[in-house]
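Visitor: As given, the protein sequences belong to chains A and B, one line each in that order. With numbering that gives the first Met the number 0 as the guide, the letters of the first sequence map in order to residues 0 to 465. With numbering that gives the first Met the number 0 as the guide, the letters of the second sequence map in order to residues 0 to 558.
Rather than coming from a laboratory, the hints here were simulated on the basis of the structure. Because the structure is a prediction, the values reported are computed rather than measured. Watch out, some of these pointers could steer you wrong.
Said to hold, decoys possible - Once the Cα atoms are required to be at most 30 Å apart in a straight line, the calculated DSS-like pairs of lysine-lysine come out as:
#, chain 1, residue 1, chain 2, residue 2
1, B, K115, A, K194
2, B, K120, B, K61
3, B, K75, B, K100
4, A, K258, A, K173
5, A, K131, B, K307
6, B, K180, A, K102
7, B, K120, B, K218
8, B, K100, A, K103
9, A, K377, B, K180
10, A, K271, B, K115
11, B, K100, A, K393
12, B, K307, A, K377
13, A, K303, B, K461
14, A, K319, B, K102
15, A, K303, B, K217
16, A, K319, B, K100
17, B, K344, B, K307
18, B, K115, B, K102
19, B, K192, A, K278
20, B, K120, B, K110
21, A, K428, B, K120
22, A, K281, A, K194
23, B, K181, A, K304
24, A, K377, B, K227
25, A, K102, B, K110
26, B, K110, A, K428
27, A, K319, A, K271
28, A, K64, A, K278
29, A, K428, B, K100
30, A, K377, A, K393
31, A, K428, B, K102
32, B, K100, A, K377
33, A, K194, B, K428
What the hints assert, rightly or not - Rough simulated footprint, nothing fancy, chain A against chain B, three-plus residues with beta-carbon under 8 Å:
#, stretch
34, 103-109
35, 359-373
36, 475-483
No residue lacks a Cβ here, since even glycine has one placed at the ideal position from N, Cα and C.
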Amino acid sequence: MSNTEHREQSTEYRKRGGRNKLFPVLCTLLSVLCLCGMAPKASGKKKVFIKTLKNGHYQLTVAGKPFIVKGVCYNPIPVGKSHDYDFWADPSQPWMTDGELMKKMGINAVRFYQAGEDIEGMRRVISDLYKKFGIRTMMGHWLGFWNYPAPFYDDEDFRKKVKADVLAMVEALKDEEGILFWVLGNENNYSFSGKINPWSSERIDKMQDPRQCLLARAETYYTLVNEIAREIHRIDPNHPVVMGNGELICLDVANEFAKDVDIVGCIIYRGKTFGNIFKSLKNTFNKPLLLVEFGADAYHAYDKKEDEDMQALFLLDQWKEIYRHVAGNANGEGNCLGGVMFEWTDEWWKHNEWDAAGWSRHDTESNWSNGAYYFDIKAERNMNMNEEWFGLVKIAPEEDGALAQDAGVLRSNQRVPRKAYYVIREFWKHPSKTSSIKVSERPGPGGKQESNAGAKSPGTPFQRHT
Amino acid sequence: MSQRIIFLMFCAWLCFSGAAAPADDPAAAPSIETLKTAVTAGDPQGLENLKSVVAWYVGDGKFDELTVYLTSLLKKGFERLPDVYFYRAYGRQVQLDSWKKTKNWEGVYDKGPEMKTAMEKDLAQAEKFVQGRPDMALRIAILRWTVASQDDPEAASGLFDDVVNKARSAATQPDTMALIKKMADALSTYEDKNLARRLYEVYASALKASGPKPEQLKKAGQDFAQQKNIYLAKTLFEGYLEQFAGDPEVLAKETVLVADKFAHQGYEEALDPVYAESLYQKAFDLAGQKAFTSSSQYSRAFNLERMKEYIPAFEAYGRFLEAYPQESRRREVEFRRGVLAAYAKKDTASALEIFLRLKDESVLDRNGLSSLYQLGLLNQWQENKEAAKGFYGVLLDSVTQGGLDPQKDGLAVLARERLAEIEENKEMKYGLRLFLEGIFRAPASPAGVDLTARPAVAAAFKSVSLIVTTSNPQTGCMTPQLAYEWSGEMGSLQNIPNVAELTTDYALPGIRVVHVAVLGQNGPEGVSFEMVQIENSIKESEYQHVEEKDQGRDGKEGI
Chain A
0 MSNTEHREQS TEYRKRGGRN KLFPVLCTLL SVLCLCGMAP KASGKKKVFI
50 KTLKNGHYQL TVAGKPFIVK GVCYNPIPVG KSHDYDFWAD PSQPWMTDGE
100 LMKKMGINAV RFYQAGEDIE GMRRVISDLY KKFGIRTMMG HWLGFWNYPA
150 PFYDDEDFRK KVKADVLAMV EALKDEEGIL FWVLGNENNY SFSGKINPWS
200 SERIDKMQDP RQCLLARAET YYTLVNEIAR EIHRIDPNHP VVMGNGELIC
250 LDVANEFAKD VDIVGCIIYR GKTFGNIFKS LKNTFNKPLL LVEFGADAYH
300 AYDKKEDEDM QALFLLDQWK EIYRHVAGNA NGEGNCLGGV MFEWTDEWWK
350 HNEWDAAGWS RHDTESNWSN GAYYFDIKAE RNMNMNEEWF GLVKIAPEED
400 GALAQDAGVL RSNQRVPRKA YYVIREFWKH PSKTSSIKVS ERPGPGGKQE
450 SNAGAKSPGT PFQRHT
Chain B
0 MSQRIIFLMF CAWLCFSGAA APADDPAAAP SIETLKTAVT AGDPQGLENL
50 KSVVAWYVGD GKFDELTVYL TSLLKKGFER LPDVYFYRAY GRQVQLDSWK
100 KTKNWEGVYD KGPEMKTAME KDLAQAEKFV QGRPDMALRI AILRWTVASQ
150 DDPEAASGLF DDVVNKARSA ATQPDTMALI KKMADALSTY EDKNLARRLY
200 EVYASALKAS GPKPEQLKKA GQDFAQQKNI YLAKTLFEGY LEQFAGDPEV
250 LAKETVLVAD KFAHQGYEEA LDPVYAESLY QKAFDLAGQK AFTSSSQYSR
300 AFNLERMKEY IPAFEAYGRF LEAYPQESRR REVEFRRGVL AAYAKKDTAS
350 ALEIFLRLKD ESVLDRNGLS SLYQLGLLNQ WQENKEAAKG FYGVLLDSVT
400 QGGLDPQKDG LAVLARERLA EIEENKEMKY GLRLFLEGIF RAPASPAGVD
450 LTARPAVAAA FKSVSLIVTT SNPQTGCMTP QLAYEWSGEM GSLQNIPNVA
500 ELTTDYALPG IRVVHVAVLG QNGPEGVSFE MVQIENSIKE SEYQHVEEKD
550 QGRDGKEGI
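Produce the complete structure using the sequences and hints provided.
Guide: Structure below.
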C-alpha cells in the first residue's frame, strides 16, 4: 500500500481536511535535486523577515512594513462534503466570496493545513486571495503525522519521504507572491507522550522509562523539523519557517534541536487568556511566537444551542492579549507576531467523518472537553467543545443543493458572519479603544507596496536586529 | 440567543423594573394619549405615568418614536428630570438588544457605536439631576455598566464599582434591595460570580443592618440555601452565628448544624462540601467531639468520603464508631471503613479484619453479605483460594437461607463467577483483575481516574449514573482513546458497554461497590472505585416481594 493510500485511512488526517497526495513526479524530482544541493539559488532580498528591535521585541516585516498577522485557518469544505473534498479545485471558488468577506473584516492571512494535489489550482487560490484581497497564505504540512499506522519519525526512509514532500511543496509555491510562511506540523508533539497517535521505534522502546521515551521522541521529531527548516531556507530565503506545536510542550527540547526554525507556532486553547505563554516561551525557546491556532466554538454545549456571544467574548479577549504582546507595546513581552483564529467557516463533516449522512448535518455532539471554556463546561461529561462550530462565518446549505449565483461569483454555500466577525473587525479597527495598546503596523495590501527589504541577520536567516 | 445576551437584556430590564403593571381590563386602561397628558415631573404618579408611556413604546418596538417623544419632553419643562434622559438611553439599549436577539449584527456593529455614544451622553446628563434619588442613581449605574460591558466586560469593571457604590447608598429602601438582589442573582447565573458576590455583600449588609432577629437571619439563610444561592446563604448564616461568639460550645454546635446544610448528603449535589468541612473543623477546634451529634459526625465522614478525601473519611468514620458504638448505622459505617481500608488505604489486613467482624456479627443483612464477598475477593486476590471459596460458599448459603434466588442475586452471581474462576483455575475476570492490579500493584496512586456515582444515595430502582473522569495530559482537540473496564456490583446493567458513563439501578438496599479500570493506548491509566448506597425505601417485609419482582425482570439484578 502506498504512503498516500495509508494516509487515506487516517482518521485525524481527514479531520484536518488535508489532502496530502504526492506531488507530480516533476516536483518530486525537483525536491531531490534540492536535497542534493543542485537547485538554483534563490536571488533577491527577503520579502518576509523578522526584525529584532532594540528592546528585544520581535517584529514581523512584510514588504518593508511592520505586519501583525491577523489570520484565520481556512478549510472551506462545503456542507455535504468531507475531508477529502478538493476545495482547491472547487468550481464555485469559495475563496472569492470568503476573500471579500475576510478583507472587509481585516484578515490579512489565511492558514492552509496541507497542500493540495493540483499545483496550478493552489497557485490560483493563493494568487486570487493575495492579488484580489491582499490576503497572504501560510502554507502548512502535516509532516506525515496522520500516516497510517503511525508516523515513523525514527525511520530514515520515512524522514526522507516527508522531507521530500515538504520541499516539493516549497519549491512549487515559493515564488507565489501571496506566500507568507511555511508551517511545519500541527500538534505533532502531543504524540510524544504516547497517548495520542502513538509512534515509537526499537531504539526508543529500549529506554523503558516513560520520561526518557518522551524526550527521545521529542528529539527525534524536532531534529527532523530542523533539517527541513534548514533545507527550506536554502531553497526559499524569502519566507520564514513556522513550527506548529501544541501548547509549549517539549519546546525546551526544540530549543536544543530545532534552532533553525524561525517562528514558534503555538496551538493554544486556553479560553479567555493565553496565560503566561509569552513569558514562558522567552525562557524556553526564545523565538518569535505566532499563535497559529486558537479560538472558541459558537455552540453552548450545556444550553444545547448556538451561542455567538460566547465565541465573540473569548475571541475578543484572545486578540486583546495578542495585541498586548506584539512588538512596541511596553507592557507586553513583545514576542508575538499575531494570531490565526480557528477557523473561517464551520465544517459540518467533522463530528463523525465516517457517517456520510452527518456531512450534511450540523452536529451538536461535543468532541472534546476544555474547562477553560467555562460557560458550557457543565455539559454532560464536561464535553463542551464542538468541532463543527468554530467558524467565524456559518455556512448555510443551498436549498436546491445546486450552485447559486451571487454577485457574479459562484458559491457553494452561503456565508453568514457570526457576531465574532463583527466584534473582531471592530477591535482591529480600534485596538487601542478597548485596551492600552499602541501598535505600529501596516500590512501591504495586494502586494502593491512591497519592496524587497531583506537583509542578512544573525539567528535564523529571517531575524534581523534593528 | 446566548446566556450573556439574556443577562444583559435582563440587566436593562432591571433598570426599568417596577413599571406600572398593565391594567387587568385593557378597555379600562387609559389611552397612551391620556397617559401622556398625565406625565408630570413633580409627583410620583406623574413619574409612574411616564414609565407606562415608555413601556408602551418599548412594548411596541417603537424605539425611534420613543426617542422623539422623550426629546419633546425636554422642551416642555422636563429638562431637569433624570428619568427622561435615562429612558431615552434605556430605549436605545432595548433597541440594540432586539437587534442582538435577531442576530442583526450589522445593525449592532454599524449603528451600535453611535447609539452607545448617545446613551453615554444621556446617562451622564441623567446623573446630573439624581440628587435625592438613590434608586435612580443605581438604575443609571446599572445601565451604564450594561452598555459598557456589552462586548468588553473587563473594560467595564470600573463602572461596576460605581454600581456597588450606588447600591450601598440605595440599599436602605426595600424596593432597591430587591433590585440589588435580582441584579446579583442575574450576575450569579450568567456572569462572573465575583461580581455577584459584591452585590450580595451589599444586600446582606443591608439585611443585617435592618436589625433582624438572629432566627430571621437563620431562616433567610435557609431560604437562600434552598434556592442554591450559596454565597448569600453563607453570609447570612455567618451573621446568624455571630450571636454565639461568647459561648464556644454553643457556637460549635450551631456551626455544625450550619455545616450539615452545605455538606454532601448523597441524594443531590452538595451546596459546598469544602466549606462544610471547614465549618466542621472550626467546630471541632472550638469544642472537640462534643460539638457533634451522631448524625453530624456521620455527615462529616460521609462528606469527606464524597470529596474523595478517603483517609480523613476513614478516620472520621472511626470516630463515629468510637463515639456512638450502638448507633443504628454502625454496620454500614464499618462496611464503608472496610472498603476504604482495602481500596484507598491499600491495607488488606485491616480490611479483612473489618469484614470478618461484620461477617461474624451477621451474614443475614446486606452488609454481612457484602462483607462475605469482599472477604472472598481479597482472599482470592491474595491467592488464599481455599479461604476465598469458603467465604463465597457461605455467601451463597446465606443468600439461599434468606429466601433469595442465588441465580439472580447480584452478589451471589458475582460469588459464583469467582468460584468458577477458582475451581477452573482461571484468572480473575479481566476488568476486575485490572482494578485490583491498579490498586495493589501499580507504582503510582490511581489519582488520574475518578469514578463518581450521581446520586451516591438512591432509592431502589432509581437511576444511578456512574461517571468516570480522567485527567489527561494536554492533547488539544485530540482526545486520547481510552477503554473503560467496569467491574463490581453493576446493578441491572448487563453487557456493560465500554464507555465512561453508565446508568444503572439497584433493586434492594445496601452499599454497592463498583470499580473501573481505565486503559490507554500504552496500558493502564488508572483505577477507581465508588460506593453507591441504596436506601431502605423498600421495607424488609417487602423483601420477598421484591425478589419475586426481580425474578420477573429479565436480565436484571436479583438483590
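Visitor: Does each hint hold? Answer for all of them.
Guide: Hint check:
Straight-line distance between C-alpha atoms of B/K115 and A/K194 comes to about 50 Å, which puts the hinted pair past the 30 Å bound. At roughly 21 Å between alpha-carbon atoms, B/K120 and B/K61 fall within 30 Å of each other, so this suggested pair holds. Restraint check: the Cα-Cα separation between B/K75 and B/K100 comes to about 35 Å, which exceeds 30 Å; the hinted pair is violated. Restraint check for A/K258 and A/K173: satisfied, since their Cα atoms lie roughly 22 Å apart, inside the 30 Å limit.
Pair hint A/K131 plus B/K307 does not hold up; C-alpha atoms about 61 Å apart against a cutoff of 30 Å. Among the hinted pairs, B/K180 with A/K102 is inconsistent with the structure: their alpha-carbon atoms are about 46 Å apart, more than 30 Å. The hinted pair formed by B/K120 and B/K218 fails the criterion: a straight-line CA distance of about 44 Å is larger than 30 Å. Our distance criterion of 30 Å between C-alpha atoms is met by B/K100 and A/K103, whose separation comes to about 24 Å.
Only pairs whose Cα atoms come within 30 Å are accepted, and A/K377 paired with B/K180 is accepted, the gap being roughly 25 Å. Our distance criterion of 30 Å between C-alpha atoms is met by A/K271 and B/K115, whose separation comes to about 25 Å. For the given pair, B/K100 sits about 17 Å from A/K393 by alpha-carbon distance, which is consistent with the 30 Å threshold. Distance hint between B/K307 and A/K377 is fulfilled; the C-alpha atoms sit about 20 Å from each other, no more than 30 Å.
Note on A/K303 and B/K461: the hinted pairing holds, with a Cα-Cα distance of about 26 Å set against a maximum of 30 Å. Of the pairs offered as hints, the one joining A/K319 and B/K102 holds, with about 24 Å between alpha carbons and a cut-off of 30 Å not exceeded. Between A/K303 and B/K217 the CA atoms are separated by roughly 38 Å; this puts the pair beyond 30 Å, and the hint is violated. Between A/K319 and B/K100, the direct Cα distance comes to roughly 26 Å. Compliance with the 30 Å bound is thereby established for this hinted pair.
Taking the CA atoms of B/K344 and B/K307, the gap is about 12 Å. The hint holds against a cut of 30 Å. Among the hinted pairs, B/K115 with B/K102 is consistent with the structure: their alpha-carbon atoms are about 18 Å apart, no more than 30 Å. Between B/K192 and A/K278, the direct Cα distance comes to roughly 29 Å. Compliance with the 30 Å bound is thereby established for this hinted pair. Between the alpha carbons of B/K120 and B/K110 the distance comes to roughly 16 Å, so the proposed pair stays at or under 30 Å and holds.
This hinted pair checks out: A/K428 and B/K120 have alpha carbons roughly 23 Å apart, not beyond 30 Å. In summary, the hint linking A/K281 to A/K194 is supported, as the alpha carbons are separated by about 28 Å, within the 30 Å threshold. As the CA atoms of B/K181 and A/K304 are separated by approximately 25 Å, the hinted pair is consistent with the 30 Å bound. In summary, the hint linking A/K377 to B/K227 is supported, as the alpha carbons are separated by about 16 Å, within the 30 Å threshold.
Between the alpha carbons of A/K102 and B/K110 the distance comes to roughly 20 Å, so the proposed pair stays at or under 30 Å and holds. Taking the CA atoms of B/K110 and A/K428, the gap is near 15 Å; set against the 30 Å cutoff, the hint holds. Distance restraint check for A/K319 and A/K271: the Cα-Cα separation of roughly 10 Å lies within the 30 Å cut-off, and the hinted pair is therefore satisfied. Pair hint A/K64 plus A/K278 holds up; C-alpha atoms about 26 Å apart against a cutoff of 30 Å.
Under the criterion of a C-alpha separation no larger than 30 Å, the hint pairing A/K428 with B/K100 is consistent with the structure, at around 25 Å. Note on A/K377 and A/K393: the hinted pairing holds, with a Cα-Cα distance of about 25 Å set against a maximum of 30 Å. A distance of roughly 21 Å separates the Cα atoms of A/K428 and B/K102; the hinted pair therefore holds under the 30 Å criterion. This hinted pair checks out: B/K100 and A/K377 have alpha carbons roughly 24 Å apart, not beyond 30 Å.
Between the alpha carbons of A/K194 and B/K428 the distance comes to roughly 26 Å, so the proposed pair stays at or under 30 Å and holds. Counting residues of the stretch 103-109 of chain B whose beta carbon lies closer than 8 Å to any beta carbon of chain A gives 4, which reaches the threshold of three, so the coverage claim holds. Look at the stretch 359-373 of chain B against chain A: 0 of its residues bring a Cβ nearer than 8 Å to a Cβ of that chain, fewer than three, so the hint is violated. Given a C-beta distance limit of less than 8 Å, the hint that chain A covers the stretch 475-483 of chain B holds, as 5 residues qualify and 3 suffice.
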